[in-house]
Amino acid sequence: MARILIVDDDTDLLEGQKLFLEKNGYTIDTALTIDEGLEKAKEAAPDMIIADLMMEHYDSGFVFCKKVREIPGLQKVPIVMQTAAPRKVGFAFETGAAPGREWMKVDEVLTKPVPLEHLLGKIEQYLSGKARDA
Amino acid sequence: MPDLEPAVPVTSQAPVAEAAPGGDRDSVRVIVIDDEEGMREGMRRVLERRGFAVRTARDGESALRLLEEAPSDVALVDLKMPGIDGFKVTEHITRRFAGRTVVVIVSALATVEAAVEVTQHGAFDFLVKPFTPDDLLQVVNRAVQQSRLLRERERYLSELAGERNLSHQMISSMHEGVVVLNIRRAPVLMNPRAEHLLGKRFREGMMLPELFPDLDAAAAIEAVIDSAPARSECRAVQLSAGEGRMQVSISPLLRDGEAGGAIVILSDITESWKAEQDKNRFVSMVAHELKSPLSAIINYINVILTGMFDDNPPKVKEMLERCKVRGEALLDLVRDLLYINSREVGKVERSLEALDLKAVIAAQLEFFRVQTEKRRITTAFEAPLEAYPVRADRGDLDRIFMNLISNAIKYNRDQGRLTVCIRDGGAAWEIAVTDTGIGMNETERGNIFQEFYRVKSHKTSGIAGTGLGLATVKRVLGEYNGTILVQTKPDAGSTFTVVFPKE
Chain H
0 MARILIVDDD TDLLEGQKLF LEKNGYTIDT ALTIDEGLEK AKEAAPDMII ADLMMEHYDS
60 GFVFCKKVRE IPGLQKVPIV MQTAAPRKVG FAFETGAAPG REWMKVDEVL TKPVPLEHLL
120 GKIEQYLSGK ARDA
Chain B
0 MPDLEPAVPV TSQAPVAEAA PGGDRDSVRV IVIDDEEGMR EGMRRVLERR GFAVRTARDG
60 ESALRLLEEA PSDVALVDLK MPGIDGFKVT EHITRRFAGR TVVVIVSALA TVEAAVEVTQ
120 HGAFDFLVKP FTPDDLLQVV NRAVQQSRLL RERERYLSEL AGERNLSHQM ISSMHEGVVV
180 LNIRRAPVLM NPRAEHLLGK RFREGMMLPE LFPDLDAAAA IEAVIDSAPA RSECRAVQLS
240 AGEGRMQVSI SPLLRDGEAG GAIVILSDIT ESWKAEQDKN RFVSMVAHEL KSPLSAIINY
300 INVILTGMFD DNPPKVKEML ERCKVRGEAL LDLVRDLLYI NSREVGKVER SLEALDLKAV
360 IAAQLEFFRV QTEKRRITTA FEAPLEAYPV RADRGDLDRI FMNLISNAIK YNRDQGRLTV
420 CIRDGGAAWE IAVTDTGIGM NETERGNIFQ EFYRVKSHKT SGIAGTGLGL ATVKRVLGEY
480 NGTILVQTKP DAGSTFTVVF PKE
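Chains H and B supply the protein sequences, listed in that same order.
Counting in numbering that gives the first Met the number 0, the first sequence runs from 0 upward without gaps.
Counting in numbering that gives the first Met the number 0, the second sequence runs from 0 upward without gaps.
Calculated directly from the structure, the hints in this document are not laboratory data.
Do not take every clue at face value.
[As the list claims (entries may be wrong)] Here are the simulated DSS-like pairs of lysine-lysine, each with C-alpha atoms no more than 25 Å apart in a straight line:
#, chain 1, residue 1, chain 2, residue 2
1, B, Lys455, H, Lys66
2, H, Lys17, B, Lys290
3, B, Lys314, H, Lys22
Computed from a predicted structure; not experimentally measured.
In isolation and in its complexed conformation, chain H is listed as follows (with noise of 0.2 Å):
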């Protein structure tokens, strides 16, 4: 089964999704900083991330997303970004182009609150391969 990997710094966000995932069948690990989501993406090796953006800092999703690249067999792993931060922070999200899914090395930004049956349809949508190809 697929393993998915939550880095939040919410824990009863970080509740609330583990338990609806792992009712969907899914294997969910959490974590509530970036180092700790870094040494579970290592130990886990996740099929799939989704993080939060602002953490400790306004912009650790983002540290936390590079980082990942840098793992042995992570390159390539979907990451979802959800944040609650308005779309316009000082930068865009602009995931869609090239150029901008390049510096932010993640998929996809959703806004908080992501309703689980979305986040759920978004999972099943990276795990089967299509939206990398889209």
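Chain H is already provided as a structure; the job is to place chain B on it using the hints.
Structure of chain B alone, referenced to chain H:
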């Protein structure tokens, strides 16, 4: 500059009846200076019959004395007199009463040379003896006309000088910077404020790019000049000026309906700009802080609604408990935001009263007793004096100590200690709130007074808070010239010391 043409209609032949100088309806004043009594009286009769106010003098000296007493509009001066001759008298009058008295020379010397000489001495016209009453009236009327023109011109010039002086002072004293550019985009005027804002001294021959290295501003100025006069549009651009921000407003300068350059007004908008930036950042943070708990709550509710935990009521209850905690924290946040806002807009006036810190803190500790007992935290309150008087707003004191005591419980360990201690620090009371909780590292300690900053780690996960508590404490304390100090050690605890001035 346009030529200085007095805007007074000139009629070639003003009727005598209207010859009185503008303003007063008194007769036009004429002085006749002649040593021959017959001439003097003859001219007086002709002129008085036509309504002129006539004075006479037999020689230059007495004429000048009369003129010193009261000036005349027209002086008829005989050229050949004993004592000071007519030329001297003319010179004196035109110098002494320039722009006031018009001199007409009366002479028997009817030559071109004499005429030229007369005007060289400052006379306006001359009348050749012998003359008819009509000749006299004609010459005098012309002189009256001239006198009136002179006075108009005089008044116009002094008004103009006054206005120029006024404009100059106004422009110099303006809080805004003013730069006037001519059609060739060369600055022709800069007030001191503009020099200050642009950081450049005005000098002849300086050009636009030197003054406005910013391309947007230069382009806007060019556009305004180029589009005039067809479109007299004004433009405004914002420039970053060092750390600050400047508003540049450009209006076309028109001369006789043609493009003549531009008037550039510079305003320092740094403060409002910064305030706006702060406000935007604050609103973004608020949105973020509101959405985070809502996301968590909605997630839990959705999980419950899927029915996937219907067979596990304790799990459902656990999720609902968390929803409650997060919902309450959200309410706290809204309350804090409203408090901050009401303080900012000055809606809430502080109502200062004589209060006792001991009583205020004791009440707060009592309020939190349920929570401390639940987590079996031992509370100690050390305040040996009878009372600790301060003048403050009750709501402010409550907010300060509620936040500090609440933090000391939230970030404490179970079965820990909470100590509140009031000491006499001379000019101020020092209130120390000490916990035996998780403490903070250097980075965390440096950030805790920032709005929306929350220490995020495993140790704090699950602890609800708004991120506004300490920021508010510090802000409120500032209004009493108070301060707050922090001593902390990771995993040992923290002490927050409020220094509250006695007066």
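Quick rundown of the hints versus the structure:
About 20 Å separates the Cα atoms of Lys455(B) and Lys66(H), which keeps this hinted pair within 25 Å; it holds. Of the supplied pair hints, the one linking Lys17(H) and Lys290(B) holds, its CA atoms being roughly 19 Å apart against a limit of 25 Å. Distance check on the hinted pair: Lys314(B) and Lys22(H) sit about 13 Å apart at the alpha-carbon level, within 25 Å; holds.
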